[in-house]
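All chains should be modelled from the sequences, with the hints used to inform the complete structure.
For reference, the chains in residue letters:
Number of protein chains: 2
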Amino acid sequence: MSVEEVLSELRRRIQSRLPPDINVTGLEFEGPELVIYTDDPRRLADDGEIIRSLAKDLRKRVVVRPDLKVLMDPEEAIKKIQEVVPKEAVLTNYHFDGETGEVIIEAEKPGLVIGRHGATLREITKLIGWTPKVVRTPPVRSSTIANIKDYLRSVQTERKSILRSIGRKIHRDIASKDQWVRISTLGGCREVGRSCMLLSTPESKIIVDCGINVGSDDSATPYLYVPEVYPLSQIDAVVLTHAHLDHSGLVPMLYKYGYEGPIYCTPPTRDLYVLLQLDYIEVAGREGKRLPYDSSMIREALKHTITLNYGDVTDIAPDTKLTMHNAGHILGSAIAHFHIGDGLYNVAFTGDFKYEKTRLFDPAVNSFPRLETLVIEATYGGANSIQPSRKEAENHLLRVVRETIKRGGKVVIPAFAVGRSQEVMVVLEEAIRKGLIGEFPVYLDGMIYEATAIHTSYPEYLNNELRDMIFHKGINPFLAECFVQVENSKQRDEIINGEPAVILATSGMLNGGPIMEYLKGLGPDEKNTLVIVGYQAEGTLGRRIQKGWKEIPLTVEGKTQTVKMNMEVVTVDGFSGHSDRNQLMEYVRRVYPKPSRIITNHGDESNCLDLASSIYKKYRIPTSAPMNLETIRLI
Amino acid sequence: MSVEEVLSELRRRIQSRLPPDINVTGLEFEGPELVIYTDDPRRLADDGEIIRSLAKDLRKRVVVRPDLKVLMDPEEAIKKIQEVVPKEAVLTNYHFDGETGEVIIEAEKPGLVIGRHGATLREITKLIGWTPKVVRTPPVRSSTIANIKDYLRSVQTERKSILRSIGRKIHRDIASKDQWVRISTLGGCREVGRSCMLLSTPESKIIVDCGINVGSDDSATPYLYVPEVYPLSQIDAVVLTHAHLDHSGLVPMLYKYGYEGPIYCTPPTRDLYVLLQLDYIEVAGREGKRLPYDSSMIREALKHTITLNYGDVTDIAPDTKLTMHNAGHILGSAIAHFHIGDGLYNVAFTGDFKYEKTRLFDPAVNSFPRLETLVIEATYGGANSIQPSRKEAENHLLRVVRETIKRGGKVVIPAFAVGRSQEVMVVLEEAIRKGLIGEFPVYLDGMIYEATAIHTSYPEYLNNELRDMIFHKGINPFLAECFVQVENSKQRDEIINGEPAVILATSGMLNGGPIMEYLKGLGPDEKNTLVIVGYQAEGTLGRRIQKGWKEIPLTVEGKTQTVKMNMEVVTVDGFSGHSDRNQLMEYVRRVYPKPSRIITNHGDESNCLDLASSIYKKYRIPTSAPMNLETIRLI
Ligand SMILES: [Zn+2]
Ligand SMILES: [Zn+2]
Ligand SMILES: [Zn+2]
Ligand SMILES: [Zn+2]
Ligand SMILES: [Zn+2]
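Chains as they are written, first to last, in the UniProt record's numbering: chain A, 1 to 635; chain B, 1 to 635.
Please note: incorrect hints may appear among the correct ones.
[Claimed, not checked] Using C-beta positions, here's what the derived DEER-type ranges look like:
1. A:Asn384 / B:Met1: 47 to 53 Å
2. A:Pro231 / B:Lys391: 57 to 63 Å
3. A:Tyr225 / B:Gly26: 32 to 38 Å
4. B:Ser216 / A:Ser219: 39 to 45 Å
5. A:Asp342 / B:Ser143: 52 to 58 Å
6. B:Ser219 / A:Lys289: 48 to 54 Å
7. A:Pro231 / B:Ser16: 45 to 51 Å
8. A:Glu538 / B:Met1: 53 to 59 Å
Note that these hints are calculated values from the structure, not bench results.
Computed from a predicted model, the values in this text were never measured in an experiment.
For glycine and all other residues, C-beta sits at the position ideal for the given N, C-alpha and C.
This is the structure in C-alpha cells:
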C-alpha cells in the first residue's frame, strides 16, 4: 500500500470510530505522529478516551488539531483561557502557532492549567478552537532555549513540510522479504571521542550518535565516508543519546552532506546540543581551526529535531520503534531502545550512563520490554576502574572546601559546563544551606550558568528528590543566593583579589576558557586549592598539573608566561557521570531481560576488551569489543 | 600526481634507460600492464634483459608493442616466421591482431617457436615487426575457446579502450591517509552456494567471487543490494577463484547493474565460466525460470576479463596486488592472494581447494611471501568429514566397474561436466590401457566432452605427471580411443541397448540432463550399476536414490513415468575436489607463514563453526565463522 492508501484507509477507520457528526477534515503523518484535523476539536476533546483508544488501536501516536477556520482570535482566546484557569496557576505568557493550531501557555503551575486528567485543557480547547499546550514558566530564562523557540517559530512553515515528508517516509511500505539486523561501528569503538554507530535492516538505516573528538586531529570524526552510510539522503534517522560533543558534535555536518532526515532526542538534549555545538565552533573558530560546519548547519539540525520524552514509543522507520529511557549521565541523557520488526529484534544503546543515584538523576533504567543485544559503554570498563562512592566523594570535596575557606584561600574547580558543574553546585548549596562549610559565594564562570538555566527548565528530568524539593518544598538549589554568575574579566580580577570563595569555571581539562585566568591569578598562592573532579585526558594541562608540574606555561591575552603552581592540587574522584567498573558489571547482572549478546564501546582498547571478557566470564553472555569499521550481524 | 604525470615521468625514466636511438612512440596503461610502443621493437627484443630489468625497476608488468607503421604485411610475415622456426614445431595457424600488433602463432611444439630463453621469438619480432605470441595447437578443438577467441577479436577496439580505462583507474593517485582493510561477507558464509566477499580499503573495493545457488529460491544470490557494494561502478575489480557457478554464476549480472570494471581469473577459469554460465541460462530458461541475465551479459563479462597465470603479481588497484596460486580443485582454480599497501597487509582466499595430489592437479599451494589473514573453505570442515584416500577411491571405482562389465552390465556415472568427470576419465583410461579392467567404450554425454576439450588446451594447468605424460611420453589420456562423445538421442538408445560400457553423463545430481535417459533405460536391469562419485545435495533425485528409493518418477520428453530402480547403486567416496577435514587441518598446520587470523566459509553452519573452533583449539590462531552480511576489520 502507498502512503496515500494507508492514510485513506486510516481515515475510513477513524471516521467509523467517531460519532457520525464529527468531521475529519484532514489526516496527515507529521514526523512520527498521526495528526487528525477536524473542524470540531472540542467534541473530540470532550472525550479523551476516544483518542487514547484510537492511538492504542492504530498503534500510532495520534494528535488532534483544529481545522484553521475554527480558531478564535488570539486576544479573545487569552481572555477565555484566563476565565477557565484558576488564578493560582499564574499564567505568564502565550504563543499562538497558526500552523499547528496550537497555543503554548506558560504557567508557573502547569498542572492547574491541565486539570484533573486533562479536563481543564479540554475545556480550553472547546472554548477557543486552538489546541493548548502547557509549559512551565521558566524560573531562570535560558537564552539558549529562548533562541531555539524563536528560531523554530520563524521556520514553522518549513518545519511543517519537513515533518510531513518525514512522516510519509516513516510510514512507507515495507519492501523486502529479507530479515536481518546489523550494527556497523563508525566511531567510538575501543576509544572515547567520536561515538557513532549505524543500525541497519533491509528497510532502514539509523545513525546512533555522531560525535567529534575535539582533542584529536587525525581521529576526530567518525568514518562517515564508508559506503555503509552512503548516500546520507537514505539515512532514516539520527538518534542522539545525549548532548555531549563526543556524541552529538558532528550531527550538523550531516546536513552539509545530504542528510535530510530527523534527529530524535529528548528536549533537554536538543537544548544542550545547541549550546555545546555553538560553543564548540566559537572556540575552535577563535583558535583558527578548520570547522566541519557553521552555525547555519546547527540551525538546520534544529529544524529537523523531533523531541521524545522518556518512555514515548515512537515509530521512526517502517520497521523500527524507538524509546528513550533515563541514562542518569547528564540532563536528558538516554538509553536508546530499538524495537525492530514485529517482534523480530530488540537492541539498546546505553550511550554514557550512570548506574547509581546521583544528586541530579535517578540511576539508569535497567528494564526493557524485550532486549536481545545491549551496546554498553566501557569508559571505566577496566578491572581496576573502581571509583569511590558518591557519598565519599562529596565528603572529600566538602572537607577540601572547608579547609581552604578556613585558611582564607579560594577553591578553583575546573568543570565541563554540562554535568559535573550542576552536581557540584547541588552539593555545595546543600552544605552551605545546612551550615556545614560556612557561607561564601560560589562563582560560576563560562557556560555553566547558561547550562544551569537549561537544567532549571526541565525539573521533570531530574531525580525524584530534587524534583520534589523544587515542586513541593519550594527549594530550587540552582537558584540559591550563593551562586553568582561571572560576566567579565574585571569581575574575575575582583574575585581573584577578593574574599574566600569557590569558583566553578570551564574548561574542564584546563585547555582554555576562563579557568586559565583563575589559574594565573590564584596558582602562585599556596592558600588556594585546585580541585579536580573530572577526568583529565592525557596531553591536557589538567593532566600535567595532576601529575605534579610546579611551573606551567600559560597563554593569557596572547602572551605566554610561566606561572608557579604553589596552590594545593587535590583530585576528588567519584563525581563521574559514568558507571564505574562495579556499576557496569552490576548493570549487566540486573538488566532485564538478560540480553543474548553484549557489545562494548566508548572506552580505550583495554577497558573495552577487559569489560567484554569479564562479562563473558562472569555471566556467560557472548560479548565482543569490536573495532571501528566493523559490521556485526545481530540476526 | 595525475595518471598523465605518472606516465610522462615513466616515459622519461624508460627513455633514459634505453639506448638513445630507440624511440618510445607511446606509453599506456592497458589493464594491469604498462605498454611501451616503439617503432623499433626489434632493438628492444634483441636484449630481453632491458625489459626484464625495467619491469623489476618500475615494479610494473611491462610489455613492448610495435608502433603500427613498422608491421610487416601478414602474408610476407608468415613466410619469415616459417623460415626462422624449425619444421619440427609444426606451425598450424596464425592470427594477426592489428590493434595490439600481436601475431598469435599456433604450433604443436610451442617451445621450439619460443627458442632458448625466447631467442627465436625475439628473432621473429626483429624480422616482422609484429609481437609474436605462441600457443599450442589444440589437440581437440574446444568450440567454447574458439567462440571466445572469435568474440574477443570482434570487439578488440572496444576492449582496448576498456583496458586503457582500467589501466588508468589502477594507477590513479592514492587519496586517503587512513589505513584499514576490511572483509564484508555477502554470500557463502555458513552455507554453500553463493560465494561472495568484498575486500575493501580506503582506496579500493574488490569483489572476490560472485556465485549463485542454483538449487535455492530464497537464498540464490549474494546480498548485493547492501550499501557496502554500492554503487557497483565504484568496484575496482572482481576476482574469480574458479569457474564453478557457486563462485562465478552471478558475475554477468554485475554488468547489468552498473559494474564496468575488470574480472581477473586464470585463462581456464575464463573459458570454463563461459561454458558453465551459458549452460546455466540455457537449462534454467528451458525450465521457465526467471534469469538474472542473458547471454549478452556473459559476453560483456568476457569483454572485461583479464586473465592471469599462476604466480603473476599484478596491480589491480592503487593499493592492491593480486597473485593467483594453484588451488588443486578444478582446472584453473586459484587461491587468490592480495598484497595491500606497501607491506601493510596480506590476505588469501582459498576458494575451493584440494590439499592432496589428484590425478589432474598438484595439491594447493601453501606458501606465500606474506600472509596475515586466510579465508578458508569448510565444505568438509566438520570433525567427521573424513574422506577415503584417492587411492582407495580409485580401487573402489575400478572394482565396481570390473564387476559390472564382467556380468555384462553397464556403469552409469552421473558427474558435473567440470572436475570429477576428467578425474574419473584419467583413472579409467589408465586402467584400460594397463589392461586392469578389460576393454570397453567410455561414453561422454552432456558437456563433459567440451569441458574435456578445454582441459586439453591447458596442459600447463595440470599436474607434473600428467603434463609430462602429455608432453614427453606423448600420451594424452583425454584423447584415448576408449572415449566416445555422445551426440544425440539415437546414439543414446544404441548405447543403452548395446554392449557393456561406462557412461559418464551430466547432470551430477540427477536433476536433469542426459543422465535421465540412461536412468530410464538402464535402471530396471539389475546387471547395471549406478556409481555416485559426487556430493548429492538434500532434495535432489541423486540423494533419494542414494537413500534407497526403488521407484523413481522420471520426466522424459515431457511425460512422467515411474521407473523401477533395480540397478545396483554404489557410492564411491574420495573423489571430491574439496579438502576433507584432515586435509583442511593439515593445510592450516603447514601454511607458511602462519596467519594471525583465519576465517571459515563455504560450508554449512556446523562445518564452518566446527572447523573454526578446531583450528583455534589446535593451533591457537584466532578463527571465526562469520555470518553473511558482516564486516570484519583486519587491520
Ligand atoms: Zn557523555
Ligand atoms: Zn561520551
Ligand atoms: Zn524500550
Ligand atoms: Zn568449486
Ligand atoms: Zn564452491
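Handout entry: List of violated hint numbers, smallest to largest
Key = 8
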